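Participant: Chains as they are written, first to last, in our numbering: chain A, 40 to 417; chain B, 19 to 329; chain C, 50 to 271; chain D, 108 to 242.
FYI, nobody ran anything at the bench for these hints, they're computed from the structure. Owing to the predicted nature of the structure, the values given are computational and were not obtained by experimental measurement. Please note: incorrect hints may appear among the correct ones.
Claimed, not checked - No more than 30 Å apart at the CA atoms, straight line, and that leaves these computed lysine-lysine pairs for BS3-like: (1) Lys191(C) <-> Lys154(B); (2) Lys251(C) <-> Lys20(B); (3) Lys265(B) <-> Lys136(A); (4) Lys166(C) <-> Lys263(C); (5) Lys24(B) <-> Lys44(B); (6) Lys191(C) <-> Lys231(B); (7) Lys251(C) <-> Lys231(B); (8) Lys191(C) <-> Lys263(C); (9) Lys154(B) <-> Lys231(B); (10) Lys251(C) <-> Lys154(B).
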Amino acid sequence: MSDPRLIEPRVMVVGQGEDALRAVALAEAGGCAVVRVPHAGANGDGGASGARIEGVDGCVGGFSVRLAGADETRVGVGAIVVALGNRRMPAGVAPPKGSHVPVMTPVAWAEKVRRDLREEYRVAWARRRVVVLLDHPSDTPKETSAEALRAVQDVIALAHPEIYVYYRNLQVDTHQLERLTRETREAGVVYCRYDQIELAFSKDGVTVTTEESQRLGDLLVVPEAIESPAETGDLAARTGIRVGADGFLQDVNMRHVGAGQTVRRGIYVAGRCHLDADAETQAADVDRVMGRVIALLEGGAVPLPEQYAEVTSEECIRCLTCIRTCPHGAIELRTSEEVTAAHVVPEACWGCGMCVANCPVRAITLVPAAELVEQEAV
Amino acid sequence: MKSGSKLERLLEQGSFALTAELGPPKGPDVSVVDRKIELLRNVCDAVNVTDNQTAIVRLCSAAACARLVAAGTEPVMQMTARDRNRLAIQADVFGAVSQGVRNLLCLTGDHQTFGNHPQARNVYDLDSVQMIAMLKGMRDEGHLLGGEEIEGEVPLFIGGAANPFGDPFEMRVIRLAKKVAAGVDFIQTQCIYDMPRFREWMRRIVDLGLHEKVYILAGVMPLKSAGMARYVDSSVAGIRIPGPIIKRMAGAGRGKAAREEGIRMCAETIQELREIEGVHGVHVMAVEWEEAIEPIAEQAGLLPRPTVSVE
Amino acid sequence: MIVAERKPIAEILANLRQASSVAVVGCDTCVAVCMAGGTKEVAVLSAALRLAARQEGREQLITEACVERQCEVEFNEPLAELVAEHDVILSMACGVGVQTLAEQYPSAVVYPALNTKFMGRPEELGTWSERCLGCGNCVLDKFGGVCPITRCSKNLLNGPCGGSQDGICEVDPSIPCAWQLVYDRLVAIGQLERLWQVEPPKDWTTSRDGGPRKVVREDIVP
Amino acid sequence: MSDARDTSPLVLIGCQRSAGAALARLADEGRALPSHVRWQSVPCGGTIDELMILEAFESGAERVMVVSCAAGACNSVVGDERARRRTAATRELLEAIGIEGWRLRYETMAPNMGADLLRWVDAFVAPVEESVGEA
Numbered sequence: 040m041s042d043p044r045l046i047e048p049r050v051m052v053v054g055q056g057e058d059a060l061r062a063v064a065l066a067e068a069g070g071c072a073v074v075r076v077p078h079a080g081a082n083g084d085g086g087a088s089g090a091r092i093e094g095v096d097g098c099v100g101g102f103s104v105r106l107a108g109a110d111e112t113r114v115g116v117g118a119i120v121v122a123l124g125n126r127r128m129p130a131g132v133a134p135p136k137g138s139h140v141p142v143m144t145p146v147a148w149a150e151k152v153r154r155d156l157r158e159e160y161r162v163a164w165a166r167r168r169v170v171v172l173l174d175h176p177s178d179t180p181k182e183t184s185a186e187a188l189r190a191v192q193d194v195i196a197l198a199h200p201e202i203y204v205y206y207r208n209l210q211v212d213t214h215q216l217e218r219l220t221r222e223t224r225e226a227g228v229v230y231c232r233y234d235q236i237e238l239a240f241s242k243d244g245v246t247v248t249t250e251e252s253q254r255l256g257d258l259l260v261v262p263e264a265i266e267s268p269a270e271t272g273d274l275a276a277r278t279g280i281r282v283g284a285d286g287f288l289q290d291v292n293m294r295h296v297g298a299g300q301t302v303r304r305g306i307y308v309a310g311r312c313h314l315d316a317d318a319e320t321q322a323a324d325v326d327r328v329m330g331r332v333i334a335l336l337e338g339g340a341v342p343l344p345e346q347y348a349e350v351t352s353e354e355c356i357r358c359l360t361c362i363r364t365c366p367h368g369a370i371e372l373r374t375s376e377e378v379t380a381a382h383v384v385p386e387a388c389w390g391c392g393m394c395v396a397n398c399p400v401r402a403i404t405l406v407p408a409a410e411l412v413e414q415e416a417v
Numbered sequence: 019m020k021s022g023s024k025l026e027r028l029l030e031q032g033s034f035a036l037t038a039e040l041g042p043p044k045g046p047d048v049s050v051v052d053r054k055i056e057l058l059r060n061v062c063d064a065v066n067v068t069d070n071q072t073a074i075v076r077l078c079s080a081a082a083c084a085r086l087v088a089a090g091t092e093p094v095m096q097m098t099a100r101d102r103n104r105l106a107i108q109a110d111v112f113g114a115v116s117q118g119v120r121n122l123l124c125l126t127g128d129h130q131t132f133g134n135h136p137q138a139r140n141v142y143d144l145d146s147v148q149m150i151a152m153l154k155g156m157r158d159e160g161h162l163l164g165g166e167e168i169e170g171e172v173p174l175f176i177g178g179a180a181n182p183f184g185d186p187f188e189m190r191v192i193r194l195a196k197k198v199a200a201g202v203d204f205i206q207t208q209c210i211y212d213m214p215r216f217r218e219w220m221r222r223i224v225d226l227g228l229h230e231k232v233y234i235l236a237g238v239m240p241l242k243s244a245g246m247a248r249y250v251d252s253s254v255a256g257i258r259i260p261g262p263i264i265k266r267m268a269g270a271g272r273g274k275a276a277r278e279e280g281i282r283m284c285a286e287t288i289q290e291l292r293e294i295e296g297v298h299g300v301h302v303m304a305v306e307w308e309e310a311i312e313p314i315a316e317q318a319g320l321l322p323r324p325t326v327s328v329e
Numbered sequence: 050m051i052v053a054e055r056k057p058i059a060e061i062l063a064n065l066r067q068a069s070s071v072a073v074v075g076c077d078t079c080v081a082v083c084m085a086g087g088t089k090e091v092a093v094l095s096a097a098l099r100l101a102a103r104q105e106g107r108e109q110l111i112t113e114a115c116v117e118r119q120c121e122v123e124f125n126e127p128l129a130e131l132v133a134e135h136d137v138i139l140s141m142a143c144g145v146g147v148q149t150l151a152e153q154y155p156s157a158v159v160y161p162a163l164n165t166k167f168m169g170r171p172e173e174l175g176t177w178s179e180r181c182l183g184c185g186n187c188v189l190d191k192f193g194g195v196c197p198i199t200r201c202s203k204n205l206l207n208g209p210c211g212g213s214q215d216g217i218c219e220v221d222p223s224i225p226c227a228w229q230l231v232y233d234r235l236v237a238i239g240q241l242e243r244l245w246q247v248e249p250p251k252d253w254t255t256s257r258d259g260g261p262r263k264v265v266r267e268d269i270v271p
Numbered sequence: 108m109s110d111a112r113d114t115s116p117l118v119l120i121g122c123q124r125s126a127g128a129a130l131a132r133l134a135d136e137g138r139a140l141p142s143h144v145r146w147q148s149v150p151c152g153g154t155i156d157e158l159m160i161l162e163a164f165e166s167g168a169e170r171v172m173v174v175s176c177a178a179g180a181c182n183s184v185v186g187d188e189r190a191r192r193r194t195a196a197t198r199e200l201l202e203a204i205g206i207e208g209w210r211l212r213y214e215t216m217a218p219n220m221g222a223d224l225l226r227w228v229d230a231f232v233a234p235v236e237e238s239v240g241e242a
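If we strip away everything but chain A, and leave its shape as in the complex, we get (with noise of 0.2 Å):
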């Protein structure tokens, strides 16, 4: 009497960013159908324009998704790629009204000096001393730091200043981070690691003081730092998806299952709005959640867990506390033949077993999946 296990097959793509294109173009390659919802400007600063997501009810495999600002109030969908992409923000480094020592960001750096370079200056900018301040105030995500990096290396081909890349918690895991590294600094560029970092800014320059040394430096270039966009509260809210401690979408946890999967099985976030890493780390993490949400939608049906959770409907007081606490949105009331009970989706559940020890009538047990499918095979 369980529902079909007919999978919906089209994929519903959030977000309207480069992830997002690049999922809907994946999708459409794999022969899915899509459904965009751009869900922009929920509660950021845009108003709301294009569909919004207003919740989504049922499980993976068959989702009903509920929608605001499209023409259809209701869309049916087997997976649903949040790729909301990420935002980025001016730099956390002021200086002081008065001081005329230049900040900039990498990009507009390396843009001014091959400007420059047109108009014969390359002696001037071979006696300035630049100063590329990253991790400060907070750590710079990896994406800006490549895109700094890869900024000095536009520039060494140029001009000849001299460079020094402040760092704090440069971790260098991405092979583009690594070479860019290694590169530069075979070309001369000094890397001054600090934990504790001052900059005095006066007439003649910034003085940048760490616990080891003390420079004057008389340009400053400092990445722009990254945030999650604006609605992503709002959509982890409606979507019943988790966001971690750093503000931006989490996955699950990746020892146990492949990154991209959400808390909610057949929900998943792809690129910039879940991993901080350069552009290309992040254009391969779309195309590797693509591929399992295509292999998803193809498969038919949805594997079963080892182990679930089963609910004893004559039992089941309906007092919603499964459903509550389910931190997988797995547990749905449902009426069949008469009884309205909690219903556990065996495809959507986890096994982790919360709703088991929190049920105040002890109604609920988790059941290896083996056993139950004799029971239907008789």
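For chain A, the structure is supplied; the task is to place chains B, C and D on it using the hints.
Facilitator: Just chains B, C and D now, with coordinates in the frame of chain A:
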């Protein structure tokens, strides 16, 4: 003439009224009341007597008011809805009137959790608006809330409070209008520190023409020190003190110098309030600092107090 | 629903130290929904009582039981034997259940294990808040579906009082000012003008002040 | 200071995904929990509650250790937070019925911390009040 009280007659003849406030002692020793009467008798038109202020048990308002009447100084008896139901309120009104009290201020009253008996059960049988309507019925129709005839006249000058600084702002205007509809004769507002907000509140009152139906006395409270200012701002219900005022008090030093600055600022506020259309007087709340009323009145040019012209 | 909370263990134990046998009787309706006195809570309390007896070197029989609804005599009838065999009946129902057992078994010693709090609803998992005190004459139509009698600390009918600041009640920062809620609701449904009329004093006879009440439906009474 | 090894019965209630995985790895290296420790596995730390802990004490345990995944690493995201809060509440309950609070301990771990788990079990002894020297 509704009550024949001096406060009523002064306001009727258009004088700018000045009322003060007296906190009765935490015991039956009325000599404390007498001492405060001496400080206040010539520097204000009437003296409010608080009723278990901030839900702290004190000598009852009626007894202190009778003491004021005996000393030839006009009281304003405050009554809260927290401690009495409609029976007790009406009985106390009879008692007060019998002892010569004419001015009555109807208050909802601070919640008992603020006071020294947080475990007590509160009453709140009526709220301040309903109290006003009840008193009007007793005076003008001569019957109790329950409908029965009252033996004898109940001359009353009915007062109410108003807090223009509470939220939501629009309700502060609506609530005053309701008190006017219920029959209030005069209003004493919460102490004023946020002048722009008070002006906005008064502007809306004047727009509705309410200022012609009720006398409004603007509440002021002199600050003794920056510390007091911060304490009042943070923990006294319904009072907010803007930063610049706290900063000014902080700049005034300590002790006597601070108190003088507090008095000067209070007098300046009164002068500013006098120019606002619809303000018919001020109510100076210097509880436990009754000595400050005279210098404040003096510096605000409110002395000597006007006398009632005998018609 | 009725919301309740288990009494502190020390308070419960104080009543049971002389008893040689205790029947812990739960209720699987309201107090189960608010996770105070359902089947599972009976098991937890019973385990705690057995351990306490062991630690204090006392011989005490603890028997667990749970009924569908302890305010219905029919559901309590099967407990007759259990009641006879135990010195104390520790009821984990709301105050109504405890008293039903006491009335139904006059010779039984019945103690409450819960503090019954109010009629209210869960705001979120694990948090319940009061909505209705049963004044017997509902005024929700006048105040946009927000009850000032229950949710205003001074049950004002012509609120707000002077202490409402930023939508918070002066009494406790965790209490929203009921009158801010009334105002917001009436503005939202375009009925703010209702607040301009003076609300007359309330007739409290319909509430508990009129004495304990009954509802009698002549058409249903046999 | 006496290093009395406490071998009174101990029940270890742990999340399958962290403690359980760690014990499996220890088994591969031929290492296991001491004989006086009974291992009780749950699918997630979030399922551990008062009843489970009280039943462990009732079944004769002198000490109970609750183990769940490290903060932020929980597959059900809220499991570790719930386990921590439930254990704290149960400790209060234990104190109220005459069982010392130190007899219930809460730890978080990852699957590669099998050695740490064994060390915690060994170090799970009564706090030494009568220690001489520093206050």
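Participant: Okay, which hints does this one fail, numbers in order?
Facilitator: none
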